[in-house]
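Peer 1: Chains as they are written, first to last, in my numbering: chain A, 1 to 336; chain B, 1 to 255.
Worth flagging that the hints you see were computed from the coordinates, not collected in a lab. Do not take every clue at face value.
[Stated by the list, open to error] If you want the footprint, here are the derived chain A segments under chain B, 3+ residues with CB under 8 Å:
1) 177–188
2) 195–203
[Claimed, not checked] No more than 27 Å apart at the CA atoms, straight line, and that leaves these computed lysine-lysine pairs for BS3-like:
3) Lys-142/B / Lys-182/A
4) Lys-92/B / Lys-142/B
5) Lys-129/B / Lys-182/A
6) Lys-220/B / Lys-195/B
7) Lys-121/B / Lys-92/B
8) Lys-182/A / Lys-119/B
9) Lys-142/B / Lys-121/B
10) Lys-129/B / Lys-142/B
11) Lys-129/B / Lys-92/B
12) Lys-129/B / Lys-220/B
13) Lys-182/A / Lys-18/B
14) Lys-18/B / Lys-142/B
15) Lys-119/B / Lys-129/B
16) Lys-182/A / Lys-220/B
17) Lys-195/B / Lys-142/B
Where is the CB? At the ideal position from N, CA and C, for every residue including glycine.
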Amino acid sequence: MYAELRASELAGLLLIIAAGLALPQILPGYFLYTGNSLMTYAILAIGLDLLLGWSGQFAFAHIAFFGIGIYGTALLESRAEVPFLLSVAISAAVAGLVGIAIGFPAARLRTVYLALATYAFAECAQWVFRTWDPVTGGPDGLRFRPPVIFGYETGSDQSSFPVVALILALAIGAALYLTKSKLGRQMCAIRDSEHVATASGIDVRRTKVIAFAISAVFAGIAGGVYTLFQTFVNADVLGVSQLVTVLTMVVIGGSGSIIGVLLGVVVIGLLPELLRAMPQSLLVWQEFIYGSILVLAIVFMPQGLWGLIKPRFIRRTGGCGRTPAQSIRAPAEASQ
Amino acid sequence: MSAFFAIDDISVRFGGLKAIDHFSMEVRPGEIHALIGPNGAGKSTVFNCISRFCTPVEGRIRLDGQDILALPAHRIVASGIGRTFQNLELLKRMTVLENVLIGQHVHIPRYFFFGPSPKRKRTEAEAVKSAEAILEETNLAKYRDTPAGELDFGHQKLLDLARALAGRPRLLLLDEPAAGLRNREISFVDALLLKLARSHGLTIILVEHVMPLVMSVANKVTVLSFGQKIAEGTPAEIRRHPRVIEAYLGSEAHA
Chain A
1 MYAELRASEL AGLLLIIAAG LALPQILPGY FLYTGNSLMT YAILAIGLDL
51 LLGWSGQFAF AHIAFFGIGI YGTALLESRA EVPFLLSVAI SAAVAGLVGI
101 AIGFPAARLR TVYLALATYA FAECAQWVFR TWDPVTGGPD GLRFRPPVIF
151 GYETGSDQSS FPVVALILAL AIGAALYLTK SKLGRQMCAI RDSEHVATAS
201 GIDVRRTKVI AFAISAVFAG IAGGVYTLFQ TFVNADVLGV SQLVTVLTMV
251 VIGGSGSIIG VLLGVVVIGL LPELLRAMPQ SLLVWQEFIY GSILVLAIVF
301 MPQGLWGLIK PRFIRRTGGC GRTPAQSIRA PAEASQ
Chain B
1 MSAFFAIDDI SVRFGGLKAI DHFSMEVRPG EIHALIGPNG AGKSTVFNCI
51 SRFCTPVEGR IRLDGQDILA LPAHRIVASG IGRTFQNLEL LKRMTVLENV
101 LIGQHVHIPR YFFFGPSPKR KRTEAEAVKS AEAILEETNL AKYRDTPAGE
151 LDFGHQKLLD LARALAGRPR LLLLDEPAAG LRNREISFVD ALLLKLARSH
201 GLTIILVEHV MPLVMSVANK VTVLSFGQKI AEGTPAEIRR HPRVIEAYLG
251 SEAHA
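With the hints as constraints, model all of the structure from the sequences given.
Peer 2: Okay, here's the thing in structure tokens:
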């Protein structure tokens, strides 16, 4: 239970890799571009949920680490001629170190104070990305060339798709192993009760800092992946609205569950595409409909889509995530 | 010879209030030592000092000669002291088994987190096996995979105890283990505590309001009132002690 991946989980990872190899042969470029974006969002969202849903820390600095990953990889790759994989590793490590640096003060804060402080950090980071001209290109942004990995040229939606899929599969695999480990259990424990965790010998602050660092590394890797199929970045893609999108994916899908988060990424990621297909006369209502879906989802599915779907075909309870029975019982408790 | 566990002259202040006032107590190994007193007497504060959630302004606490006050709260369990909580603190979204695995945390060796390894497999298999033994002993085995938040009250109380036992304490602090339990459940806790003390050689400090339980399991009773020790002795002595009767019933009760 805490050692191995289930057969279904391994099959899922292999399926992602297989789809990564097969789909570029079949689908047109636009779908592949959307797919690449969704997979990048998936790495970002899983990383955010390790902090939010698994460790119970409502921290919103995530988008800043994504930025460090993008600028770091792009600069190392395009300017310093560092190989792509090494660039991603270095950038993710830098993101992790910055994560540790803000994790120390953040571990002293809770709830809305933590949310505000980390949000402020994300704003500061965006300001740095926008104004540090010599490094980030300032408001004009940064252009970079597509990476070459061991002679394999990425850059087109077609050619980058398999690489993005492979990295996504590795990221999901790492997250699955993490959540099934002693450390994963530790993270759930500080989420459920800091008192019990402490009395059981868990250093709560240290666990929080580790969770911050791991979450930041995931965002950094997502940043590296971004450079595979994009050629340009500026601070506009690293703002609050992108953070809210990732947050929505996590919450709507089902925080505290990797499958749930992936579901959220697909649904929220495809929603604008679906809304775009509406009749012209309704198009002005697009933003309104999008907002309404969010509000209704949060009110009526506090456990996310996965919390709604899971009990219909999986009887198994447990794991650190939320359980179906609790989601059914929650309103009754609230009314008492 | 110094005592197995000794609280030596501790005081705790919350603002201007003296919650604990020069309190001392000694516990002998293998004993069940009850700490009783009216509401607000400071019993839980004493527990919080021992488990380092709170720091006394003066005094010392020692277990087997080791200075407990020098340790941070998360090092207490490794020093051999486990505790339960009065108001049902559990890892509610985690399963019964996971709660006990967390209780065992300090005894589980580290391994590589992000992928498979033989050490990981072996370590977790051993951890689960010993957690299951504790579930067996506390009558929780059939709820192994139930989230703790879904258990009924009595079983949540037991799980709190099971989690504390999983830390393999030498000294166990039990904060009202029988509060709110039905008679049948109390007699199970009663028997379990005696078994733990006698056959496992565990030393227990018990804060409890359920007097029949205190009287039947405790070897010694310390009575706390308004942060001060007002009596100490065997259950039989305590029952007759005039200051204890006064503290519980109030002096006006006789007037």
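Peer 1: Hint by hint, say whether it matches the structure.
Peer 2: Results of checking the hints against the structure:
Chain B is given as covering the segment 177–188 of chain A, and this holds because 9 residues of the stretch bring a CB closer than 8 Å to a CB of that chain, at least three being needed. Only residues whose beta carbon comes within less than 8 Å of a beta carbon in chain B count, and the segment 195–203 of chain A has 9; three or more means the coverage holds. At most 27 Å may separate the alpha-carbon atoms for a hinted pair to count; Lys-142/B and Lys-182/A meet this at roughly 23 Å. Simply put, Lys-92/B and Lys-142/B have alpha-carbon atoms about 17 Å apart, close enough for the 27 Å limit, and the pair holds.
Proximity of Lys-129/B to Lys-182/A is assessed by CA-CA distance (about 15 Å); at most 27 Å being required, the pair is judged to hold. Distance hint between Lys-220/B and Lys-195/B is fulfilled; the C-alpha atoms sit about 17 Å from each other, no more than 27 Å. Our distance criterion of 27 Å between C-alpha atoms is met by Lys-121/B and Lys-92/B, whose separation comes to about 26 Å. Between Lys-182/A and Lys-119/B, the direct Cα distance comes to roughly 12 Å. Compliance with the 27 Å bound is thereby established for this hinted pair.
Our distance criterion of 27 Å between C-alpha atoms is met by Lys-142/B and Lys-121/B, whose separation comes to about 24 Å. Distance check on the hinted pair: Lys-129/B and Lys-142/B sit about 15 Å apart at the alpha-carbon level, within 27 Å; holds. As the CA atoms of Lys-129/B and Lys-92/B are separated by approximately 22 Å, the hinted pair is consistent with the 27 Å bound. About 35 Å separates the Cα atoms of Lys-129/B and Lys-220/B, which puts this hinted pair outside 27 Å; it is violated.
Our distance criterion of 27 Å between C-alpha atoms is broken by Lys-182/A and Lys-18/B, whose separation comes to about 41 Å. Annotation: proposed proximity of Lys-18/B to Lys-142/B is violated, straight-line Cα distance about 45 Å (limit 27 Å). With a C-alpha separation of about 15 Å, the suggested pairing of Lys-119/B with Lys-129/B holds against the 27 Å cut-off. Among the hinted pairs, Lys-182/A with Lys-220/B is inconsistent with the structure: their alpha-carbon atoms are about 39 Å apart, more than 27 Å.
Pair hint Lys-195/B plus Lys-142/B holds up; C-alpha atoms about 21 Å apart against a cutoff of 27 Å.
Taken one by one, the earlier hints fail for this structure at numbers 12, 13, 14, 16, listed in ascending order.
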